[in-house]
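Undergrad: Chain by chain, the residues run as shown.
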Amino acid sequence: DTGVSQDPRHKITKRGQNVTFRCDPISEHNRLYWYRQTLGQGPEFLTYFQNEAQLEKSRLLSDRFSAERPKGSFSTLEIQRTEQGDSAMYLCAGRLGDTDTQYFGPGTRLTVL
Amino acid sequence: QKEVEQNSGPLSVPEGAIASLNCTYSDRGSQSFFWYRQYSGKSPELIMSIYSNGDKEDGRFTAQLNKASQYVSLLIRDSQPSDSATYLCAVNRNTGKLIFGQGTTLQVKP
Chain D
1 DTGVSQDPRH
11 KITKRGQNVT
21 FRCDPISEHN
31 RLYWYRQTLG
41 QGPEFLTYFQ
51 NEAQLEKSRL
61 LSDRFSAERP
71 KGSFSTLEIQ
81 RTEQGDSAMY
91 LCAGRLGDTD
101 TQYFGPGTRL
111 TVL
Chain C
1001 QKEVEQNSGP
1011 LSVPEGAIAS
1021 LNCTYSDRGS
1031 QSFFWYRQYS
1041 GKSPELIMSI
1051 YSNGDKEDGR
1061 FTAQLNKASQ
1071 YVSLLIRDSQ
1081 PSDSATYLCA
1091 VNRNTGKLIF
1101 GQGTTLQVKP
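In order, the protein sequences belong to chains D and C. Just so you know, we're using the numbering used here here: the first sequence kicks off at 1 and counts up by one. Just so you know, we're using the numbering used here here: the second sequence kicks off at 1001 and counts up by one.
Excised from the complex, chain D in its bound form (with noise of 0.2 Å):
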């Protein structure tokens, strides 16, 4: 167990919809990152936070995409407007203090239909 729950698990949603997941750390994760994992490819960086700051963002990050972490706690990113090519494992990564290593929640598969 990492400590970084994922919620929900599995999301299927029409195109045109939008959809937003959560990720809860634990509270030593100064760091959250969030990835995406299509089938057969690793995972890809998407964003990440020190603490509620965001700090980066990939080019993958299209403005359909938004993603917050209030407080330096949770986080959440959201989707506007899904497309069936947003259809992705979608994971969240804690990373502990000062060190390197990021551990990742479940996931949450997210189906567009």
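Among these hints, one or two may not hold up.
[Unchecked claim] In the DSS-like style, the derived pairs of lysine-lysine whose C-alpha atoms are separated by at most 25 Å in a straight line are:
no.: 1; chain 1: D; residue 1: K71; chain 2: D; residue 2: K57
no.: 2; chain 1: D; residue 1: K57; chain 2: C; residue 2: K1002
no.: 3; chain 1: D; residue 1: K14; chain 2: D; residue 2: K71
no.: 4; chain 1: D; residue 1: K11; chain 2: C; residue 2: K1042
no.: 5; chain 1: C; residue 1: K1042; chain 2: C; residue 2: K1109
no.: 6; chain 1: C; residue 1: K1067; chain 2: C; residue 2: K1056
no.: 7; chain 1: C; residue 1: K1002; chain 2: C; residue 2: K1109
no.: 8; chain 1: C; residue 1: K1042; chain 2: D; residue 2: K14
[Unchecked claim] Covered stretches of chain D, going by a simulated chain C footprint (3 or more residues, C-beta under 8 Å):
no.: 9; region: 32 to 46
no.: 10; region: 99 to 105
[Said to hold, decoys possible] On the chain D side, residues computed to face chain C include the following (Cβ under 10 Å):
no.: 11; residue: V4
no.: 12; residue: E56
no.: 13; residue: A93
These are computed hints drawn from the structure, not numbers from a lab. Quick caveat, the model's predicted, so the values are computed rather than measured. By construction, the Cβ of each residue, glycine as well, lies at the ideal position given by its N, Cα and C atoms.
Dock chain C against chain D, hints included.
TA: Relative to the frame of chain D, chain C by itself:
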């Protein structure tokens, strides 16, 4: 050229054999290196991290790093069917984000 490259496999080894998984990376400034294991439908699980040239052993797993050759490998001794999974190599940039290879699928046959 991808930043982190792995042979997608599948790599098939008999039970009890040594499985050797390889990874190359392009950015010489990379500082730390990780191997994750991922079972089908699950999220990546950390196996090992390595920061310095040479070998690092943890149980049946040995990670090897050669920064001059920009090469990382993972050896799994006494492979078990339960080791069958996809193994992801990841490289950490100074910003902290991980750059992953596409993963190598390992099949251990009883």
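Undergrad: Given the hinted pair D/K11 and C/K1042, is their Cα-Cα distance within 25 Å?
TA: 15 Å, holds
Undergrad: Would you mind confirming whether the straight-line C-alpha gap from C/K1042 to C/K1109 stays at or under 25 Å?
TA: Measuring from Cα to Cα gives roughly 21 Å; hence the hint holds.
Undergrad: Take the C-alpha atoms of C/K1002 and C/K1109, compute the straight-line distance between them, and say whether it is at most 25 Å.
TA: 31 Å, violated
Undergrad: Would you settle whether the hint for D/E56 is holds or violated, based on the nearest Cβ-Cβ distance to chain C being less than 10 Å?
TA: D/E56 check passes; min Cβ-Cβ to chain C is 6 Å, inside 10 Å.
Undergrad: Can the restraint linking D/K14 and D/K71 be considered satisfied, given a maximum Cα separation of 25 Å?
TA: Outside the cut-off at roughly 32 Å; violated.
Undergrad: Okay, the region 99 to 105 of chain D and chain C, do three or more residues pass the C-beta test at under 8 Å?
TA: holds (count 6)
Undergrad: With a cut-off of 25 Å on the C-alpha distance, tell me whether C/K1042 and D/K14 pass.
TA: 24 Å, holds
Undergrad: Establish whether the coverage given for the region 32 to 46 of chain D by chain C is satisfied; the threshold is a Cβ-Cβ distance below 8 Å, and no fewer than three residues must meet it.
TA: holds (count 8)
Undergrad: Go through the hint on D/A93 and say holds or violated, using the shortest Cβ distance to chain C against 10 Å.
TA: Because about 8 Å separates D/A93 from the closest Cβ in chain C, which is inside the 10 Å limit, the hint holds.
Undergrad: Below or equal to 25 Å on CA atoms is what counts here, so check D/K71 against D/K57.
TA: Roughly 19 Å between the alpha carbons, so the hint for D/K71 and D/K57 holds.
Undergrad: Measure nothing beyond the straight line between the CA atoms of D/K57 and C/K1002; if it is 25 Å or shorter, mark the hint as holding.
TA: The hint holds at about 20 Å.
Undergrad: Given the hint that C/K1067 pairs with C/K1056, does the C-alpha gap stay at or below 25 Å?
TA: 14 Å, holds
Hint check: violations occur at hints 3, 7; the rest are consistent with the structure.
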